[in-house]
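*Asks:* Got chain A; can you put chains B, C and D with the ligands on it based on the hints?
Protein chains in written order, with numbering that gives the first Met the number 0: chain A, 0 to 273; chain B, 0 to 273; chain C, 0 to 423; chain D, 0 to 423.
Below, a list of computed lysine to any residue pairs in the SDA-like style, where the Cα atoms sit at most 20 Å apart:
#1 Lys-98/C to Tyr-60/D
#2 Lys-98/D to Arg-182/D
#3 Lys-49/D to Asp-71/C
#4 Lys-208/B to Ala-178/D
Reference listing, derived: stretches of chain C covered by chain D, where coverage requires no fewer than 3 residues with Cβ under 8 Å from a Cβ of chain D:
#5 53-63
#6 134-148
#7 349-358
#8 391-402
It should be emphasised that the hints constitute simulated quantities derived from the structure, not laboratory data. Beta carbons: idealized from backbone N, C-alpha and C, even for Gly.
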Amino acid sequence: MSLDRNFTDEPAFVPYLVAGDPTYEESLEYVEALARGGADIVELGLPFSEPIAEGSTIQQAIVRALDGGMTPNRYFEFVEDLTVEVPLVCMTYYNLVYQYGPSDGPASFVERAAQAGIEGLVIPDLPAEEADQLREACDEHGLDLVFIVAPTTTDERLERIREQVSGYVYVQARLGTTGAREDLSDHTAETLERIGEWTVPKAVGFGIKTGEHAQRIVDAGADGIIVGSALVNLVAEGDDEDISTAETATRIENTASELKAGALAGREQPPEQQ
Amino acid sequence: MSLDRNFTDEPAFVPYLVAGDPTYEESLEYVEALARGGADIVELGLPFSEPIAEGSTIQQAIVRALDGGMTPNRYFEFVEDLTVEVPLVCMTYYNLVYQYGPSDGPASFVERAAQAGIEGLVIPDLPAEEADQLREACDEHGLDLVFIVAPTTTDERLERIREQVSGYVYVQARLGTTGAREDLSDHTAETLERIGEWTVPKAVGFGIKTGEHAQRIVDAGADGIIVGSALVNLVAEGDDEDISTAETATRIENTASELKAGALAGREQPPEQQ
Amino acid sequence: MSSIGEFGDYGGQYVPEALMPAIEELTDAYERYVLHNEDGFMDEFRERLKDFGGRPTPLQYADQLSERYDKDVYLKREDLLHGGAHKLNNALGQVLLAKYMGKERIIAETGAGQHGTATAMAAAHLDMPCEIYMGETDIARQRPNVFRMRLNGAEVNPVTTGRGTLKEAISETMRDWAATVERTHYVIGSIVGPAPFPSMVRDFHAVISEEARKQILDTTGDLPDSVMACAGGGSNTMGMFAEFIDDPEVDLVAVEAGGSSLQVDEEEGVAPNSATLSTGEEGVLHGARTKLLQDSDGQIMESHSVSAGLDYAGVGPELAHLVDEDRVIPANVDDDAALEAFHRLSQDEGIIPALETAHAFGYLHAAAVGDHEDNLGDVVVINVSGRGDKDLETVVEETTARDIDAGPEMDLFRQVGRSGGDSM
Amino acid sequence: MSSIGEFGDYGGQYVPEALMPAIEELTDAYERYVLHNEDGFMDEFRERLKDFGGRPTPLQYADQLSERYDKDVYLKREDLLHGGAHKLNNALGQVLLAKYMGKERIIAETGAGQHGTATAMAAAHLDMPCEIYMGETDIARQRPNVFRMRLNGAEVNPVTTGRGTLKEAISETMRDWAATVERTHYVIGSIVGPAPFPSMVRDFHAVISEEARKQILDTTGDLPDSVMACAGGGSNTMGMFAEFIDDPEVDLVAVEAGGSSLQVDEEEGVAPNSATLSTGEEGVLHGARTKLLQDSDGQIMESHSVSAGLDYAGVGPELAHLVDEDRVIPANVDDDAALEAFHRLSQDEGIIPALETAHAFGYLHAAAVGDHEDNLGDVVVINVSGRGDKDLETVVEETTARDIDAGPEMDLFRQVGRSGGDSM
Ligand SMILES: Cc1ncc(COP(=O)(O)O)c(C=O)c1O
Ligand SMILES: Cc1ncc(COP(=O)(O)O)c(C=O)c1O
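Only chain A is shown next, with the shape it has when bound in the complex (with noise of 0.2 Å):
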């Protein structure tokens, strides 16, 4: 079984958020409201300390949730403890997968996440030449390993992911880190296009903000979208400004809400001004 089931009959809506930010129980609220909001598939940032693809607003989360004290084993038992449905994605970096013990590599890792039932991988700083270890680990425990494809990647490398990625691949939207922006890029389109003949279904993600970029990426062609900065915010201002668990809850589930809503609507209607 595998993620792309949650491509189907909609577009998807994939948000992220790191796990244990800023603590375990806030955190755990806080993806239950992302299910609440319909969510599709969640990605479940595990931290590491030194997030190199990571803008800003998701590496101050990332420390947060360090200094609340997230560990890997800590947060497979987060992963646990969500009585969510929706499907789970680790999100992390290479280093964390390969030290997990017992065994040397990756297999540990993708056992215990298997056992904790994550569906899904995608480690940022792992190109598709270094996955042979984590691809066998994956298909062994039965996970998808998720690719990223940028605005930049070339048609050759284009192939090599190919080859690679199962659950849904990842469309980074534009150039740099992750973060909510107010300007979409036009690459876009142009990426959808090159891998529209691919099968594993696509995720647009970088950058998102509102329904009404949700509405115009799914518009190109998307067939999901991936938002993390602009969640991952409100739940620094929650913390910042003590607003109540509660409160910053219902704020994700509704922003959560409105990002599913553009998603929709970009499959049904053109949005006015493109």
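*Replies:* Relative to the frame of chain A, chains B, C and D with the ligands by itself:
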């Protein structure tokens, strides 16, 4: 008429002060005090901005005199204003001699000095090798040109100096710059011996502070003693501690008397412990 | 699995997909220009290293140290290179390569500021806009280098994440690169990062050992018994070792920062040292598999050293491999011993070394006075990787604070200097 | 009148008698060791200059300046010499000579601190105790150099007389020498002082033009149109000119500090410049007849320059003579123009020059953009007498205070740096 006339009867006492230290008027008083105290010749410093041969005591005196407005022309007026009988020797650095107008070279300075009543010159930064021009001018105007003999002076150099010197020879008691010291170098006797057969009188300076020093130096064979810093110190104290000019003049006169007495004692009998 | 830039178990290319095309483009350029001297690239590089950089640098016999240790100690004087450290070899090579590749903008990270200043100088020399990322902690402790980068026209971007040292600066520079990769070249400052950087940076620095090997043969007629260099990322180290690797009779010693202790504080995630080769474990950081200072989960630890340029939790993959292969001997020297060695070299030889460099001399001392089994043999070549001008304030401060015997009294001049400085 | 060390009307030996024997001894040693290479002195000197000092220094084609001025501008890179300035040529020569002469102790004066650091380095290298006299004002504005001297094991004696700059430091060192002359050698830092210093210091620095003349001939096949150097005392200047003196087709330009104005304040005894060659009058200072900044009585004036190393009221007698003979063209550049030139060279060429050196580039600029009649011709060689690390704080401060256009924004880093520094 040469300065050596002042060394004939008894050991000569040759005190030094900076003209215009700390003010023109006070300085006049102090020079007169020296005369009253028994000076046989007075070395009167014309202050130069870079007195490389002086220790800090005389350096500071020079700064005070310069700050008080002393210049070569004022200096000559100063000499003219003095009412003392004792012969005066001008001690300064060569640049002031050299620059004095209107003519190029040292002639104008010597002419003006002679006119003011100066009877000799000591130029510490003018070795015998560079002194031909000045020697000539001095001869023309009847001034003595005093040279310094140092503990390091070689036999060869002694000959060169002997050819140039007149009035008296300034025997530098020890290496270093001017300044009153507790210890007295052994070099004095040695140097005096080396120039024993010179006909010009031998005055020893550098570091003589007390009557007892003076006595020992004369006992070692000196024809005279030169004392600078010990007297300049009294001027400095007078200035620093707001002692009245009259009182400082008295102190200068007393110290001068003590030094003169020491010198006389040196000729008469050996000091106790030597 | 790709075999580009693999050193045994180490190396590889662990970077975001967005950067992979640039890495491939760079690999291609490296092969063409550097390895095959296409368009005379290497000729121009060598020419500029000579005229602008001041190569060759001398191999100097150290009279006083040789006498002190009863050995023949030779100093490879990279401190005389323009900018004051070996760093220019690499910076000039990469900026020139970026130019050949048609890039329009240079970015770089810096720890001690030496790589940043070298890059800023090279960029000014070759007329390329340049931005440098530097941790806040390092900015504070290497102020003269910050001024120098600015004076050379580079932007200096303070990095405030983490402890504000080299590790964070590298991460931040990678972020910039990910956003601007098409027109920007990232000049990595050591033999770290994804392939082809470790090989390329080594090749640019190999001129050090090319010269030194020839110089020592010309001087003594023989190879040395040991060759030593300090190691942060390991670029001066590999530069110094490269041409001796195939001389098995020559011991190669890489001296890392022992910091205040080799003990690790797992709780705080802090290693009070940067002794990666001696104490690190295999992992993946900043684009490569290599030895790392990490906790049991794989989180990277904050490293520590009195010397900003050694203060890094990783190390070049090739060096890690050579240590595993027993070709390179890993060693380390603590902060105090490095400071002592700093003063010893300054006073004995009239050469004020970088604090990084001082670590190599600290080990020379320890080995020569018998603190280690290895006594390094009779003829030792040490790489003086840089000069200490950038470290003056740190050394004065740390020498006083730690009461290092060898240091001269400085109080008078700290005062005078301070009041002079305050008039700014 | 003695003819030793006479340069036309200039030169001579105006020192206290106590020093004359030492001067004679030195003259003898100079003739034997330096002029006749007795005991292989010059061979050892050249060898140490090479291995310890880093000679030869390159002659670099300046790409950006050449383009900017539509001339071929070549840089003689004395900034790459160990210690960061030409000064080591002389310091090493004299300390080595002192050793050959059996002296046991070295003293020296310093203005910018470059001669002091060079002497301290040479003394450490040759294992000689060393004391440096430095004016208080200069100590405050050249703090890094004070640290460096101390680190090299030298004593630094602050001089508090006068305005506390080079002139006072020289006088004070002469006083020390007068007291200790038998076992002490005084390493004068420029081509000033009594004979044989001006000739000897020139000879030690002549290696600059020996190399440069050969290098430019090798590169272009021809002699340059102009050769330029800044001039304080004039040692880098004469070093750069020496081998070109007999090439009448080569213009030699000595650029002094114009300070804030060429106008003199006789009342205060202050010349707000150090333009001795352009505005000075013949006189006697520090052992030699030469051009001086003095008032009509012959009192020496306080000079001024933003650059401590040019801030001197005298100049080498040989240079004064060559100006009178019309062989050397005297020029000057004011503080602001020197600061601008400092930034231009830093940003255009990636070379941060000493503030002294920047004066030469200030004149290059003025001449090239047509501010002077002489446009220096098509091929210009400039001596980069030193690097600017010692001047960073001064430059940051003065650039901000004077609002020099060419300077980069520094406020952020002045803050960060300052707080870093304050933690000392
Ligand atoms: C002088 C010097 N030596 C050594 C190093 C360490 O770097 P690497 O190990 O790459 O040579 C640095 C880094 O800044 C440095 O400045
Ligand atoms: C770099 C540099 N250039 C020039 C000078 C001026 O000295 P000189 O005129 O003797 O070369 C100095 C003096 O300190 C200096 O440091």
